[in-house]
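Colleague: Spelled out from the first residue to the last, the chains are:
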Amino acid sequence: MRKYSVFAVAREALRGHKGWEAQWSSPEPRSSYDVVIVGGGGHGLGAAYYLAKEHGITNVAVLEKGWLGGGNTGRNTTIIRSNYLYEESMDIYEHSLKLWEGLSQDLNYNVMYSPRGVMMLSHNTHDMQSFKRHINANTLYGIDNEWLTPEQAKAYCPPLDISKTARYPINGAALQRRGGTARHDAVAWGYARAASDRGVHIIQNCEVTGIRRGPNGEVTGVDTNRGFIGAKKIGVSAAGHSSVVMEMAGVRVPLHSNPLQALVSEPLKPIFPCVVMSNTVHAYISQSDKGELVIGAGTDQYNSYSQTGGLQIITHTLDAICELFPMFRRVKMMRQWGGITDNTPDRSPIQGVTPVPNLFVNCGWGTGGFKATPGSANLFAHLIARGEPHRLAAGLTLDRFRTGRLIDEAAAAAVAH
Amino acid sequence: MLLIHCPYCEEDRSELEFRWAGEAHIARPENMAGITDEEFAEFFFLRNNEKGLTYERWRHIHGCGRFFNAARDTVTDKFLMTYKAGLPKQPVPGVSATEKAVETCEQTEGDAR
Amino acid sequence: MSASVKNVGAFRIKGAGRLTPARTARFTFDGKSYTAMEGDTVASALLAHGVHLVGRSFKYHRPRGILTAGPEEPNALLDVSRDAARRQPNVRATVQEVFDGAKISSQNRWPSLSFDVGAVNNLFSPFFAAGFYYKTFMWPRQAWTKVYEPFIRRAAGLGVAPTEEDPDRYANRFAHCDVLIAGAGVAGLTAALSAASTGAEVILVDEQPEVGGALHFDTSTTIDGQDGYDWAQDTAAKLRAMPNVRVLTRTTAFGYYNHGFLGLAERVSDHLDRPGRDVPRERLWQVRAKRVIIATGSIERHMVFANNDRPGIMLASAVRTFLNHYGVAVGRNVGVYTAHDSAYEAAFDLKRAGVHIAAIVDCRDRPGEAVLAEARALGIDVLTGHSVTDTAGRLRIRSMTVARNGNFDIRKIEVDSLIVSAGWTPSVHLFSQSRGKLRWDEANRRFLPDTYAQDCVSVGGCNGTDDVAEAIDEAIAAGGGRVAVHGESRFNWTGGMIGAAEGAGPDTTVKAFIDFQHDVTAKDIRLAVREGMHSIEHIKRFTTNGMASDQGKLSNMHGLAIAAEMLDRPIPQVGLTTFRAPYTPVTYGTLVAHSRGELFDPARKTPMHELEAAEGAAFEDVGNWKRAWYFPRRGEDMATAVNRECRTVRDVAGVFDASTLGKIEVVGPDAAQFLNLLYTNAWDTLQPGKCRYGIMTREDGFIYDDGVVGRLAEDRFYVTTTTGGAPRVLHHMEDYLQTEFPHLRVWLTSTTEQWAVIAVQGPKAREIIRPFVEGVDISNETFPHMSVAECEVMGVPARLFRMSFTGELGFEVNVPADYGPTVWKAIWERTKGMGGCLYGTEAMHVLRAEKGYIIVGQDTDGTVTPDDAGLGWAVSKKKTDFVGIRGLKRPDLMREGRKQLVGLVTNRPSDVLEEGAQIVADPNQPKPMTMLGHVTSAYWSENCGRSIAMALVAGGRARIGQTLYVPMKDRTIAVEVTDTVFFDKDGGRIHG
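Residue numbers (the numbering used here), protein chains in the order written: chain A, 1 to 417; chain B, 1 to 113; chain C, 1 to 992.
Be careful, since some hints might not be right.
As the list claims (entries may be wrong) - In silico DSSO-like links for lysine-lysine, alpha-carbon gap of 27 Å or less:
# : chain 1 : residue 1 : chain 2 : residue 2
1 : A       : 154       : C       : 969
2 : C       : 146       : A       : 269
3 : C       : 103       : A       : 154
4 : A       : 164       : C       : 146
5 : A       : 269       : C       : 626
6 : C       : 146       : A       : 154
No lab work stands behind these hints: they were computed from the structure.
Only chain A is shown next, with the shape it has when bound in the complex (with noise of 0.2 Å):
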């Protein structure tokens, strides 16, 4: 793999960029692999990438039914946090965010993470509890996250309406520094490329429809689109179809498959500085290095894979991000999309084994699982490796449904994504 560096850049300027090579290769499929992962998003694509560099296990496909990161990598707006309530909850973002800080480097690959802050917006006195309990969670756990009164607010973040007379006034926020935002396609790309590199398998428009099982009910292969294909493992990381992969083993997930819609503004000056969310109004809004205000809306109410949602989910996200920011009413949407999440009832992910052999689940992200994407690979890297959870995803598992030691983030505290 060609280095990617200020003076490779000049070099080829020099040449008309004639001199690239293809960022990952894209080889016809080997018959069986070790481990096939299905799904070739951030998480699957991350989970091919450290199986090779932490576990040593090369010989690995990611298969990929349409484009990679075109899911809900290449969806979603991009914000990144750890400052969650749960310990599982804390020890997987934590993993993640700290993955996040050193990712360009490790994948040679700007990911352009930046930490300009996640500010969460408190407007009465439910809010304050809850965001206090995580602060003060957060603070003894090791992770930043630390409340700001309106007036440091407004400073962090000077668009910020914070007059009492507002419909629901702001009477403090939860900030944490360390979070931000990320170039979503990069973390796919990045990936990809530096799983290639390391003789990871990368195959596009190559469709999973069915799981093969041996005699003793373990994994055997898939059938895709391009004929079957062997392996000793699978790991299913398929973000929005995850139900409909894994039953394709026999087995049955809690999930829910909303739509989840998000738009960006016409391009702007910076206006912007860092990540604002409000959950009792329901909106969270950041600005792109591109200068476009990126906006994500609720989810629709129903079930669908239908990847677009109603107009009255955008009006009424706007409705919101004008509350808090009267002098956006000028600016202009430019464009919006939808998305599909996995919404487990608990509203945590899921990461585990299976009632089936080799059989290696990572779903259930909801609307965290741009957030998490390093860590979750990783953990879910190991997971395939060892066939068994990391300490640190040990709480993810399928069994917590029987037994009802949910991670109930949604419960708890009421802030989303």
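Knowing the structure of chain A, use the given hints to seat chains B and C on it.
Modeller: Just chains B and C now, with coordinates in the frame of chain A:
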């Protein structure tokens, strides 16, 4: 925004009047206190989450207030029928529940023919 | 005010165009003043004055001019303001109509449009190839945040966001129709005539100020023997006069959603000189159409060749629009470079208007005979089989370099403008948004509608129907009516090319732009392919082609063709990126419409709200309710007021507005049986006239809601819920009643807003209310704690509860909401006279915490069982079924060491814990520390003379008496675990 036919009002109304209420035809066990942990998890958490034909419940919450059932395609979001609560699962003419779902726009985008 | 033709622009052509000089408007552009004619767009007005340079590109800051005459414009994005608060960035000059006093500025340049320091990027452009930023800026690690990213951000972006709140008003309309027609060109108007003739309700929308579409520029079309544009206006007038037709101009159908739902954005007053305060700026139409006819025509493409982006280079259709509609010539010595006959027509029109045509350069060897003949007749040089391989000119094109195809002999031809056309792309945006599937038309190299996903049909240009007569027939059929329209046109839409032209092929390094706004060139596409981006979506994202504010209307097909050539695959195999809504950008304010301020989420107020406000109440938001929080007297801060209220309630009495509590009437012969199933407690044992505290869980066994339920009669219960929980509890109850227990004869009615609830709590509560109550003896003996009665209060039918959320003797007076203020006033007057007080939610919280009463949602959080909350007594052991019975028995819910609700007292009585603070056993443990639980409620208790707190603590009840620690930022607070009752431990007061 979906357009939904309420089988009680016999009217097509905007989604704004309705609330989605989960998968249909999941009966609460009669012997609730006696089921196993696995059976409870199955009843309370596991859902088909079909890609394609799904049976689901809606409530005309800002209308007549009634719960009813619907057959909808989760790929196209088209309603195939709605029917009153309590009726058994209705077959949808020409569609079998196991039929392979049509492609999503995600699959077809970048793949126009 | 009138003006001579001269000062409305030196490039106005006498006798050309449809504008009249009757009215003019003044505007400034970058500080210089100009005059426009009524009906001018900013683009036509500037061109009339010879101004072509209007902007700078996104990345290289290259000088850019006006390329189009419509909403597809990628270059001419300007900042337009009426006043400081009404400033709008990124306005398309080709869409915005001039209004008098408009202040218009160019964007993305510093210090000035003609001398822009950012243009240095153009010199370094070899470094800034597509995706270069992924490959660099990685070292040192901190520099990305501190140096590189801020630099990139400053360079990026186009316009400057508004900084003041928008004072303009926006409107919203919902509409239903039988047929919605998008686009009012020949096809759309004809379809409207046809549909309207059937009596159908029709809405016809068009984004331009007048109907006509391509008839704005194409003067060769006649319909029913009339000039096409005039026919369009007459037809629109005819349609407008029909009661079943609504014609909306300046209205863009921006999104086609599920089930025939479309979003339209109407520009109502941005074109007016002085819009009245009664008109909105824009209006959102949300239309549910039974059927949609898409008649959106097609969009012309530019030619992809070296330096094809200089100001003065324009699409043929734009040149004709400016001339034939606005009466403006785009230059005095104009060249043409084309792969399509369309551009010839522009040259002919200009020539006839007296403009010199330097040459028509046609990359095709054999253009149409008709246009060649006409060119000869007009004396225009045509160079077939030639290409423009370069252009020159710093701020405007000065010359074009022309070569015979495959030949290196070049010559320069001086021009001041260059007309380009590579043919027409059907506008399939709405069709694709409706989720229809496209097919590739290989003969004409374009995508066309194929399979429909909704009840809609495409007609005319957007359906690839290029012949006007055929388009009319198609439109009549689509409308379903019987009308006769006859059209003729010699304009030829078919043909052209996509992809890079001669001299911009894979072996070159020239800058041949495909996406002007994002500075994406043909070689960027090729680089993306070389780097392994083989999906068109990857190519789009890697190069950002088609992601600018014009969303690739001009660039998509060119990008696709260049990628297909590089990949050596047929175009349909490379694919097409998704057309996402909106078709053109839509103002947030329009989408928000009325939903701002008070109307963002209307506040719910109790019947006594105004009276409480008059008493000086401070209010807090609880859900969407406004609740009286505390009642400060002069000079009191919140703590002082709350302390006084708490003390007064226990010493005398207090009046509290409990109207926000949810109230559900559960009626019917099986009502008790139903409640038995819905609550963990038993209800059949509750006698009429009594009430009981109830806990509701979901099937999972976690606390869902709580409240007091009174049995008014054998078959009638009055259920109260938490303030926030009322809607979901009713929904939950209805769900079970309708779908699980439909055999039960029970009816549920929400009565939350029907009753005003006035709580009177304190030792003197009985004495206060006694004179008002008739029909029930409220003595302690006949009406003990947890009694309920229907009676009269001040002659008003009432429901009187003896209950308490303070631990004091207490009553809750329920009267019909309209009588609430009167009864409240009387009770408050009497209470005041006896030394009592009004108290708000904060004092209520403190008082209940002193007694260890929980608040669902504060002391519980959706992971707490009744037993965890110390309410195990409320879970029936006898019932064989209730919602939650099985969930409660799951392993983790039965586990030892679950978090349990306990009391905490700080070692220092004056220390009030922070709600949300975490609790540990070992304060010296290094991070990550083991947390045992958290503080759910914490207050200064004036009545206890110390702080009190409740907390969920792992194995909490077994820890009573232990010392635990609450580490805070600045210190660690030691606490002792206690039970949850801090005041009146034996509970005698409640029975007073």
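Colleague: Look at each hint and say if it fits the structure.
Modeller: Each hint tested on the structure:
Proximity of residue 154 of chain A to residue 969 of chain C is assessed by CA-CA distance (about 23 Å); at most 27 Å being required, the pair is judged to hold. Between residue 146 of chain C and residue 269 of chain A the alpha-carbon distance is near 18 Å, which keeps this suggested pair within the 27 Å criterion. About 31 Å separates the Cα atoms of residue 103 of chain C and residue 154 of chain A, which puts this hinted pair outside 27 Å; it is violated. Of the supplied pair hints, the one linking residue 164 of chain A and residue 146 of chain C is violated, its CA atoms being roughly 34 Å apart against a limit of 27 Å.
Annotation: proposed proximity of residue 269 of chain A to residue 626 of chain C is violated, straight-line Cα distance about 39 Å (limit 27 Å). Using a Cα cut-off of 27 Å, the hinted pair residue 146 of chain C and residue 154 of chain A holds, with the two alpha carbons roughly 21 Å apart.
Going through the hint list in order, the structure does not satisfy hints 3, 4 and 5.
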